[in-house]
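What follows is the residue order along each chain.
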Amino acid sequence: MRKGKMLIGAISLACLLLLYLPVYQLTHTYRTLQQIHKPALSVKETPRIALISPAIRDLYFKEVELGVQEVAKKQGITVELHGGYRGNALEMARVIQKVTSAKVDGIIVVGIDDPTFIQAVNQATESGIPVILIGTDIPSSLRKMYVGSDHIAAGRILGEKVRVDLGKKSNPTVGIIGQSTDQMVAMLRIKGAEQGLASQKSMQVVKQIYDSSERNGMMQTMSQTHELLNRTSNLDAIIVSKGEELEAVIRVIEQRVGLGKIQIYTFQDVASLTDLFAKGQVQAVVVDNPRKMGEESIKYLLSWIRGERLPLPSHVYTDSTLQTSTGSRFRNEEH
Amino acid sequence: MKSIKGKILLSASCLLLVFGLFWLMFQYFHQLFLQQYNQVLERYLIFQQVSVQSEQLLIRTNDLLHEASEQSKEHYISTRNLLRQAQSKIKLLQNDENTAGVSDYTHLIDSFIESTDLAIQAYQQERSDDATQFYRKAEQERAFITETTLSLLEHELTIHERLYAQMIQSSKELQIVGWEGFLIIMAILLGCAYWISRGITRSIALLTKGAKFISAGVYDQPIKVESNDETAFLAQTFDQMRVSVKKSFEELKAKGKLEQEVKEYQYLLKEMEWRNLQNQMKPHFLFNTLNTLAKKAYLEGSVETSDLITTVAELMRYQLAKADVEVTLAEEIEMIRNYMTILQARFTDRLKGEEKIDPACLHVLVPSFLLQPLVENAFIHGIESREEGGRISIGVQAVEQGVQLEVTDDGVGMSPDQVRQILQGTRATQGQAGNIGLSNVIRRLSLYYHREDLLQIQSEVGKGTSIMILIPTTLGERGELDDSDFDRG
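Here the protein sequences come in this chain order: A and B.
Each residue of the first sequence is one higher than the one before, counting from 44 in my numbering.
Each residue of the second sequence is one higher than the one before, counting from 25 in my numbering.
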């Protein structure tokens with residue numbers, strides 16, 4: 044009789060266990076279900092910052108974003124990322140208009156030298172929203188401030204490097220390629236580079252400045268490189284003013300004279316430089332500090348929003364460093 | 025005690041309970057999932073409302089800018105309120121992942137309504153350029169709203185994808201629970217059925233076994249059913265029946281035994297009577313003849329012969345009168361003396377008689393002819409066959425348990441085997457005439473006193489035999505009875 048009772052107890056215990064597991068699983072699943080629609084805990088009215096870039100997947104911009112988010116996280120602020128993957132000025136202008144309508148508390152945007160864009164920035168400022176430009180400055184706009192590299196200084200660093208590298212040669216020739224439309228970056232870099240090269244009188248500088256059209260950037264750069272090579276027969280070095288142009292330039296040089304004959308110098312705008320660097324195609328690169336740009340820009344923006352620092356300085360320059368193929372590698376902090 | 029009905033009810037309610045639990049659980053989870061679906065729908069509806077109402081508001085604004093009637097103004101205000109209502113619900117949509125989007129959304133609607141208000145205000149102030157400008161802005165903002173709606177919806181969809189995946193998983197789990205529930209209910213059902221039927225069948229098997237024993241006449245096997253339903257009661261009653269049958273059976277057996285004993289006693293009595301009758305065959309004739317013979321001998325001067333004949337006559341009279349009654353020991357001894365006299369007359373020198381009698385014991389009542397067969401026995405078996413003759417002594421003495429009678433001879437004696445035969449199988453030695461007397465004495469003693477150990481024989485071959493009889497009585501008690509018996513006698 045007692046045995047029977049024990050058996051019944053054991054069976055019922057087993058049944059309970061058998062039941063408990065799926066029921067537990069079910070309740071667990073249901074909990075996660077509820078989590079999905081769980082309303083946010085009463086969100087504190089923190090400043091809403093819009094971070095806008097035409098190429099949000101770009102590794103260069105990723106660094107900027109990292110810098111921004113790092114600071115934002117520390118301060119408990121939401122930063123909303125806007126933009127496109129290969130956006131143009133018009134699209135960015137529209138994004139700025141949109142976040143202006145959405146009444147964000149501040150805008151950090153990669154500058155584009157374009158009238159519509161400038162107009163959108165101006166509108167935002169008129170609505171009382173501070174706009175900080177990074178990477179590219181547009182002094183003519185109503186932006187609150189600029190945070191980014193001093194492109195003239197960066198150009199100068201590279202120019203000096205080229206001058207030192209070619210110092211032993213007699214009558215060295217340096218080619219410079221750049222887009223005239225990119226007034227605020229390429230032109231400034233070229234200006235700086237010329238300044239760096241100027242101290243050596245024997246240096247012959249050949250500039251290939253061209254008007255870019257968005258549609259066919261690569262082809263155009265290639266044809267311009269061809270033209271530059273046509274113009275000068277004995278080019279010792281070439282300074283590529285924008286990282287984006289590098290690939291086209293390298294390809295042309297490879298076809299025409301072969302790599303190694305002409306030393307290539309450029310600025311770090313794209314991440315693929317790492318590869319080129321590793322293959323020894325590029326002699327030296329001036330590297331920006333995008334993370335620092337992000338950190339600085341949000342710090343200044345927040346201090347303005349909180350009224351801690353009025354007025355803001357018109358620009359804050361972040362450091363640019365020279366990296367050579369023999370020296371330290373490009374900081375490989377891709378994410 | 026639970027009845028079988030109770031057991032069935034218990035099992036049924038247990039099943040019902042489990043079933044009910046499962047049903048409740050399923051209902052509960054079903055309800056939860058339904059709630060989830062509802063929530064999803066509600067969220068979609070809010071987006072839908074915002075989208076529709078903002079579109080409407082733009083249309084109303086446009087209408088108002090073209091035709092400023094009271095009616096269109098009313099329309100505008102009502103649509104504006106509806107949009108505000110929808111906007112107030114947007115907060116509900118906020119979760120950890122879309123906080124920024126929802127916040128933008130709310131502010132966009134704010135901006136949109138501001139723009140439409142400003143457009144109408146400008147129109148009313150007849151600044152048509154401004155009005156158009158604000159209207160354009162409103163249009164743009166409406167586009168932004170639509171865009172944000174879409175992106176939020178997209179976000180919702182990705183969330184809901186997860187939701188649906190979870191729900192599918194849940195429904196699978198629910199199915200498992202369902203199957204398990206089914207199995208458990210089946211197990212309980214089977215278990216209960218087994219439990220009930222086992223309880224009944226086992227009890228019945230035990231009852232059947234008990235019944236078989238009883239029918240075979242074995243009443244000692246107790247019938248015990250350890251159950252807590254009606255079968256236990258049945259078994260209990262059955263067992264009681266067994267006990268009472270056993271009791272009456274034993275009573276019957278005891279009664280039978282008693283009857284047998286009575287019959288035996290009667291048979292012995294009959295035997296005695298028969299012997300008496302046999303003895304009485306010619307009693308009076310013999311008695312009278314003996315008396316005449318005694319007188320004749322006396323007249324002829326043969327006094328000794330006359331006395332002997334008188335003794336024989338006395339003995340005969342005793343036998344005639346006292347058969348089958350209790351007599352005092354004194355009477356019995358007297359009779360033995362007469363018997364001895366006759367024997368001595370017959371065997372003159374060969375037989376010597378001795379007496380060692382405690383007179384205080386003489387009033388004790390004993391069955392008649394208790395000693396005579398012993399003396400006869402002693403004489404026939406012990407002395408008669410011996411050339412040189414022998415001695416028979418009779419002793420009466422008070423002992424602790426009563427009165428001890430002793431008949432001793434110094435004759436041939438018996439082997440221990442013979443003694444045992446006489447004591448145990450009295451009937452086996454029936455053939456020998458002399459032993460009839462001895463066995464008769466043993467039986468009468470056992471019948472009279474209801475004890476088997478009263479007669480003892482001590483014997484040795486060549487040295488003689490001593491037969492002792494214990495009369496279990498206290499002297500005083502017997503004394504009292506003695507008087508009354510004496511009156512009767």
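Quick caveat, the hints were computed from the structure, so don't treat them as lab data.
We put the beta carbon where it would ideally sit given N, CA and C, even for glycine.
Heads up, a few of these hints could be off.
[To be verified] Pairs of lysine-lysine residues, derived as DSS-like cross-links and limited to a Cα-Cα distance of at most 30 Å, are as follows: (1) A:Lys48 to B:Lys233; (2) A:Lys146 to B:Lys29; (3) B:Lys236 to A:Lys46; (4) A:Lys146 to B:Lys161; (5) B:Lys97 to B:Lys31; (6) B:Lys320 to A:Lys117; (7) A:Lys117 to A:Lys211; (8) A:Lys46 to B:Lys279; (9) B:Lys29 to B:Lys248; (10) B:Lys270 to B:Lys294; (11) B:Lys31 to A:Lys46.
[To be verified] To spell it out: a stretch of chain B is covered by chain A in this simulated footprint if at least three of its residues, at any positions, have a beta carbon under 8 Å from a beta carbon of chain A; those stretches are: (12) 131-142; (13) 392-401; (14) 465-479; (15) 485-494.
Original post:
Taking only the CA atoms, is the gap from A:Lys146 to B:Lys29 under or equal to 30 Å?
Top reply: violated, 77 Å
**OP:** Below or equal to 30 Å on CA atoms is what counts here, so check B:Lys236 against A:Lys46.
**Re:** At roughly 29 Å apart (the allowed maximum being 30 Å), A:Lys46 and B:Lys236 satisfy the hint.
Subject >> Given hint B:Lys248 paired with B:Lys29 - CA-CA distance at most 30 Å >> reply: Holds: B:Lys29 and B:Lys248 sit about 22 Å apart, inside 30 Å.
Original post:
A:Lys46 and B:Lys279: Cα distance at most 30 Å?
Top reply: Status violated; Cα separation ~49 Å.
Original post:
Does the alpha-carbon distance linking A:Lys117 and A:Lys211 stay inside the 30 Å limit?
Top reply: violated, 51 Å
Subject >> Pair hint B:Lys97 and B:Lys31, alpha-carbon separation not exceeding 30 Å >> reply: violated, 79 Å
Original post:
Does A:Lys46 lie within 30 Å of B:Lys31 when you go C-alpha to C-alpha?
Top reply: Measuring from Cα to Cα gives roughly 19 Å; hence the hint holds.
Subject >> 30 Å Cα cutoff - pair A:Lys48, B:Lys233 >> reply: This hinted pair holds, its Cα atoms lying about 26 Å apart.
**OP:** Can you take a look at whether the region 392-401 of chain B is actually covered by chain A? Rule is 3+ residues, C-beta closer than 8 Å.
**Re:** Violated, because only 0 residues of the region 392-401 of chain B bring their Cβ atoms closer than 8 Å to Cβ atoms of chain A.
Original post:
Counting residues of the region 465-479 of chain B whose CB is closer than 8 Å to a CB in chain A, do you get three or more?
Top reply: violated (count 0)
Subject >> Assertion that chain A covers the region 131-142 of chain B - criterion: three or more residues, beta-carbon distance below 8 Å >> reply: Coverage by chain A holds here, the residue count being 5 at a Cβ distance below 8 Å.
Subject >> Satisfaction of hint between A:Lys117 and B:Lys320, Cα-Cα up to 30 Å >> reply: Violated - the C-alpha atoms of A:Lys117 and B:Lys320 are around 168 Å apart, more than 30 Å.
Of the numbered hints stated above, those contradicted by the structure are hints 2, 5, 6, 7, 8, 10, 13, 14 and 15, listed in ascending order.
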